[in-house]
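Student: Okay, here's what each chain looks like letter by letter:
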Amino acid sequence: MMERLLYLAGYLVIFGIIIFLKRRLKTSEHYDEMQLQIRADAYKYAYGTTVVLLAGLILMVVIDSEAVPSYILSGVLLIILLAGVLVFGVYCIRHDSFFFIGQDWRRYFGLCIVVDAINLFTLVQNTIKLFTKNNETLELQGLIANIIVETGIVTFFSVICVMILSKMISNKKDAEV
Amino acid sequence: MKNLKLKSARAAKDLSQDDLAKLCDVSRQTISAIEKGDYNPTIKLCIAICKALDKTLDDLFWDE
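First to last, the protein sequences are chains C and D.
Sequential numbering of the first sequence, starting at 1, is according to the numbering used here.
Sequential numbering of the second sequence, starting at 1001, is according to the numbering used here.
The shape of chain C in the complex, shown without the other chains (with noise of 0.2 Å):
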C-alpha cells in the first residue's frame, strides 16, 4: 500500500515538474487562428474517442469483471489513452494544424522515428521470448502486459510519422510560387 502511494506521489511530482517548467520556459510556439480553431475541434473529437472507448471497457468490466484480466487491463487503457491522443494528432496532421508557425516538422519526425524503432525493437524481443521460452505464469502475464503497451506505443507513432510524412509531401505538392 505504501509502495502504490509513492508510485503515485512520485507520478504526480514528475507531472508536476513538467507543468513548472512548461510555463517557465516560455518558447515562441504560436499557432495562428485557423490552426487554433482546427485543434479545438481535434480536442473535442480527441476527447469524445477516450469518452466512448473507457465506457465501452467500464460496460465490459461490469457485466464480467473477469473479461479482462488485470495483466491486460492496465494496457487496454494506456491503448484507449493512446487512441485518443492519436486522434487529436492525425486530425491536427491532416489540416496542418500539428506543427506551430515556424516549427521544423523533421526534428519531430525523426524523434519519432526513433522511438519507434526503439520500442518495435524491443515489441519483437518479447514476442520471441513469449514464443521461445517456457515462461511461468507471472512472467508470461508480464510479458503479454508489454507487447500489449509496446503494439500500442508502435502503431502509434508508426502512423504519426506516416500522416507527417505524407502531408509534408503532399503540401509541397500543393504550395504556390
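To be clear, the hints were calculated from the coordinates, so they are not data collected in a lab.
Among the clues, some could well be false.
[Unchecked claim] With a Cα cut of at most 30 Å, we get these calculated DSSO-like pairs of lysine-lysine:
(1) K1044(D) x K167(C)
(2) K129(C) x K1002(D)
(3) K1022(D) x K1051(D)
(4) K1007(D) x K1051(D)
(5) K1036(D) x K1002(D)
(6) K173(C) x K1051(D)
(7) K1036(D) x K44(C)
(8) K1051(D) x K172(C)
(9) K1022(D) x K1002(D)
(10) K1022(D) x K172(C)
(11) K1044(D) x K22(C)
(12) K172(C) x K1036(D)
(13) K1007(D) x K1022(D)
(14) K173(C) x K1036(D)
(15) K44(C) x K22(C)
(16) K1055(D) x K1005(D)
Following the hints, put chain D in place on chain C, whose structure we already have.
Tutor: Only chain D this time, still in chain C's reference frame:
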C-alpha cells in the same frame, strides 16, 4: 466561395502564399484556405492581409 480578389492582389504584388503568410504571421495553409474559400478569417487577419497587400477591406473581402 473562392477569394479570387485576394489571389490576384497577391499575384500583383509578386508574393507567394508563403510570403504573404509570413507577412501576416500565419501559416501558408491559412492563406491557401482563405483563397479557396475554406476558411473565413477574423477581422484582425483581414486587416493584416489588407495592410500587407496595400488594399482596403472592400477591395479584398467585399462580396459583390
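Student: Each hint needs a verdict: does it hold in this structure or not?
Tutor: Each hint, compared with the structure:
For a cut-off of 30 Å, the pair hint linking K1044(D) to K167(C) stands: about 28 Å separates their Cα positions. The hinted pair formed by K129(C) and K1002(D) fails the criterion: a straight-line CA distance of about 59 Å is larger than 30 Å. Straight-line distance between C-alpha atoms of K1022(D) and K1051(D) comes to about 13 Å, which keeps the hinted pair within the 30 Å bound. At most 30 Å may separate the alpha-carbon atoms for a hinted pair to count; K1007(D) and K1051(D) meet this at roughly 15 Å.
For the proposed pair K1036(D) and K1002(D), the alpha carbon gap of about 5 Å is at most 30 Å, so the pair holds. With a C-alpha separation of about 28 Å, the suggested pair K173(C) and K1051(D) falls inside the 30 Å cut-off, and the hint holds. The suggested pairing of K1036(D) with K44(C) holds, with an alpha-carbon distance near 26 Å, which does not exceed 30 Å. About 27 Å separates the Cα atoms of K1051(D) and K172(C), which keeps this hinted pair within 30 Å; it holds.
Using a Cα cut-off of 30 Å, the hinted pair K1022(D) and K1002(D) holds, with the two alpha carbons roughly 21 Å apart. Pair hint K1022(D) plus K172(C) holds up; C-alpha atoms about 17 Å apart against a cutoff of 30 Å. Simply put, K1044(D) and K22(C) have alpha-carbon atoms about 29 Å apart, close enough for the 30 Å limit, and the pair holds. Proposed proximity of K172(C) and K1036(D) is supported: the alpha carbons are some 17 Å apart, at most 30 Å.
A hinted pair counts as satisfied when its Cα atoms are at most 30 Å apart, and K1007(D) with K1022(D) qualifies at roughly 16 Å. Only pairs whose Cα atoms come within 30 Å are accepted, and K173(C) paired with K1036(D) is accepted, the gap being roughly 16 Å. Note on K44(C) and K22(C): the hinted pairing holds, with a Cα-Cα distance of about 23 Å set against a maximum of 30 Å. The suggested pairing of K1055(D) with K1005(D) holds, with an alpha-carbon distance near 10 Å, which does not exceed 30 Å.
Violated hints amount to a single one, hint 2; each of the other numbered hints is respected by the structure.
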